[in-house]
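Engineer: All chains should be built: construct the whole structure from the sequences, respecting the hints.
2 protein chains.
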Amino acid sequence: MPQTFAVIMAGGVGARFWPRSRERSPKQFLEILGGGTMIENTLSRLKPLVDQSNVFVVTNRIQADIVRQLVPEMPSSNVLAEPIGRNTAACVGLSALWINRVDPDALMVVLPADHIVLNTEEFLRILQLALRVAQEKDALVTIGIKPTHPETGYGYIQSAEEEIDRNEYRSQGVYRVKTFAEKPNLETAERFLESGDFLWNSGIFVWKASVILRELEIHLPELHEQLLDVRASIGTPVYEQTLEHAYRIIRSISIDYGIMEKAGNVYVVKGDFGWSDVGSWDEVVRLTPTDDAGNSIRGRTILVDSNNNYVDAGKKIVATIGVDDLIIISTDDAVLVCKKERSQEVKEVVDFIRRKQMNEYL
Amino acid sequence: MPQTFAVIMAGGVGARFWPRSRERSPKQFLEILGGGTMIENTLSRLKPLVDQSNVFVVTNRIQADIVRQLVPEMPSSNVLAEPIGRNTAACVGLSALWINRVDPDALMVVLPADHIVLNTEEFLRILQLALRVAQEKDALVTIGIKPTHPETGYGYIQSAEEEIDRNEYRSQGVYRVKTFAEKPNLETAERFLESGDFLWNSGIFVWKASVILRELEIHLPELHEQLLDVRASIGTPVYEQTLEHAYRIIRSISIDYGIMEKAGNVYVVKGDFGWSDVGSWDEVVRLTPTDDAGNSIRGRTILVDSNNNYVDAGKKIVATIGVDDLIIISTDDAVLVCKKERSQEVKEVVDFIRRKQMNEYL
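Chains E and L, in that order, are what the protein sequence lines are.
Residues in the first sequence are numbered consecutively from 166, following this note's numbering.
Residues in the second sequence are numbered consecutively from 166, following this note's numbering.
Not the full set, but computed from the structure, chain E residues with beta-carbon under 7 Å of chain L:
1) 481
2) 501
3) 504
Keeping only pairs whose Cα atoms sit at most 27 Å apart, straight-line, the calculated DSSO-like set for lysine-lysine is:
4) 512/L with 504/E
5) 348/L with 505/L
6) 504/L with 512/E
7) 311/L with 343/L
8) 480/E with 504/L
9) 480/L with 504/L
10) 343/E with 427/E
11) 521/L with 480/E
12) 521/E with 505/E
13) 504/E with 504/L
14) 505/E with 505/L
15) 480/L with 504/E
Covered stretches of chain E (chain L as the covering partner; in silico rule of three or more C-beta atoms under 8 Å from a C-beta of chain L):
16) 488-496
17) 507-519
Hints were generated in silico from the structure; no laboratory data involved.
Ideal Cβ positions, reconstructed from N, Cα and C, are used throughout, including at glycine.
Structural biologist: What follows is the structure, given as structure tokens:
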């Protein structure tokens with residue numbers, strides 16, 4: 166039986182959770198919802214499925230050190246530091262070649278470090294099902310989430326006919342993929358939800374390392390060629406140099422766009438395990454319980470006649486008087502006061518900071 | 166000609182400007198409106214009228230050190246430190262006996278450290294007029310401010326017949342006082358405004374030191390007795406001890422209630438010099454110019470689609486998204502987010518902090 170590996174993609178810069186998230190402490194390193202950092206939770210969720218020594222984390226150089234400190238039990242060489250961010254295709258390719266080198270038949274699960282899953286048991290059952298499909302069909306398998314509302318913040322996967330050629334797949338929600346759809350507008354999202362055959366694209370993938378490397382060779386040959394050079398340099402003094410050269414050359418492209426939309430043997434397994442990519446403060450607000458006044462609070466707060474607010478005081482004290490429906494985030498050096506349902510515009514704040522080169526606030 | 170002295174009352178704890186004002190940095194030591202601290206501005210405003218060496222500041226022990234640092238040119242002995250706060254009658258009595266000791270005929274102007282005056286020239290003209298009335302009539306003179314709106318945050322002075330027995334007073338707005346009124350409700354304040362004979366009680370007083378000491382002897386004999394002991398101890402090693410004993414015994418009473426409402430020879434001089442006691446953040450907001458979006462900002466801010474806000478970022482950065490009509494104050498350890506026109510409730514926040522003994526935030 167081939168070994169199963171997991172690849173945690175942890176390269177995000179976390180602009181959406183400003184001012185809590187920063188370049189040096191992006192979302193995956195935050196306790197956004199309490200109870201441990203997102204990356205720690207992602208790792209611990211996988212424990213029943215994947216040996217600790219078979220877990221890789223792909224991230225940037227700054228964050229690689231943080232990961233090594235945060236998860237000291239992980240072999241240091243399992244933390245792969247990319248010289249620069251080149252989107253998910255490069256990230257997947259780099260981890261696949263490392264895994265393929267350990268076990269040519271290896272199966273791998275690729276997943277972001279900063280998602281939440283409420284039902285771990287169901288999550289693991291779906292991954293196991295996806296691993297079986299990947300193993301038996303040499304397929305590229307994605308996990309599609311059964312949508313609960315017309316979300317405009319996610320990409321969608323349209324499923325085709327259900328896979329029924331093997332009895333055990335019947336009614337287990339394994340489908341051929343018809344198409345991938347970008348983040349829709351609300352009208353389109355509502356149509357997607359009604360149609361019943363569109364699923365949220367979770368960004369979780371399952372395949373054999375050998376299979377994804379072959380697909381990379383076909384659809385992104387330049388990337389594949391660079392990866393071969395990198396592979397040859399593993400364990401030699403020129404590894405870092407070769408990696409840096411490769412990343413300078415290869416173009417930035419997502420695995421969805423570069424491979425999944427073009428490959429032939431693509432499946433989606435439908436999952437329903439309380440998943441969210443927690444992409445904004447508003448999403449955090451929705452996932453956080455409230456008190457009788459509709460407020461969610463973290464840290465020291467004094468709320469006078471204030472309702473339906475989300476207040477994270479950090480290490481300070483936050484007092485409010487007569488305010489409703491606000492998201493208030495206080496950190497050591499910054500404060501955000503944002504009307505609820507407007508938190509996607511946090512990106513504009515970060516863009517402004519970047520434009521003005523106020524780098525201490527990035 | 167007798168000398169003129171000034172007494173700056175600077176004992177306030179400044180709860181109303183939390184979180185900017187604290188026990189160790191009350192309102193009078195803040196640059197609430199920019200351009201110097203309020204106490205520095207109060208001192209510099211008096212310069213044409215009173216010699217620097219004739220200015221006394223009465224405050225508490227903690228703030229006495231701050232005053233000495235802030236105004237090094239003031240003789241250290243002119244900063245009178247009260248052992249505990251005992252309201253304005255004690256404060257006036259203590260300063261009057263010091264002044265009376267220097268010059269038995271001295272005139273003195275008593276005024277709070279934390280008011281603003283937009284028209285200094287007119288302010289000085291009114292004080293000079295009040296000094297003349299105090300000198301010629303051995304009177305207790307108050308400055309009443311011509312009201313511009315039915316303010317409920319101030320006490321009022323009702324004027325009686327105008328003083329016309331001397332030609333030069335005619336049409337200069339010197340009146341006998343009919344009565345003092347506490348802070349009214351809105352209805353009463355509107356009636357006061359209509360009547361035309363009610364003025365805002367500015368808390369600024371002018372009199373001879375000898376005259377106020379005599380009035381203290383008549384109306385607050387226990388206080389006067391204690392002051393005599395204190396006077397005898399000035400310049401001796403037991404001064405501090407005597408002062409502490411006196412302040413422990415005397416009761417806390419305002420000069421308005423203890424003297425002004427009871428004395429016979431009380432005058433009010435009507436002034437109109439852009440005065441405000443700046444008693445709340447809302448008052449600061451009203452006194453601060455705004456940009457085209459109605460926002461007033463201090464410090465580093467990023468306002469996205471936000472209008473009519475007052476934002477003081479302190480040493481941090483404050484970002485807002487889609488919020489209107491807020492007062493946002495950020496300090497090293499605390500943040501206030503208050504709906505406009507609700508800033509009088511800042512007191513409730515401070516009361517809560519005091520009740521919970523979160524003393525680091527006081």
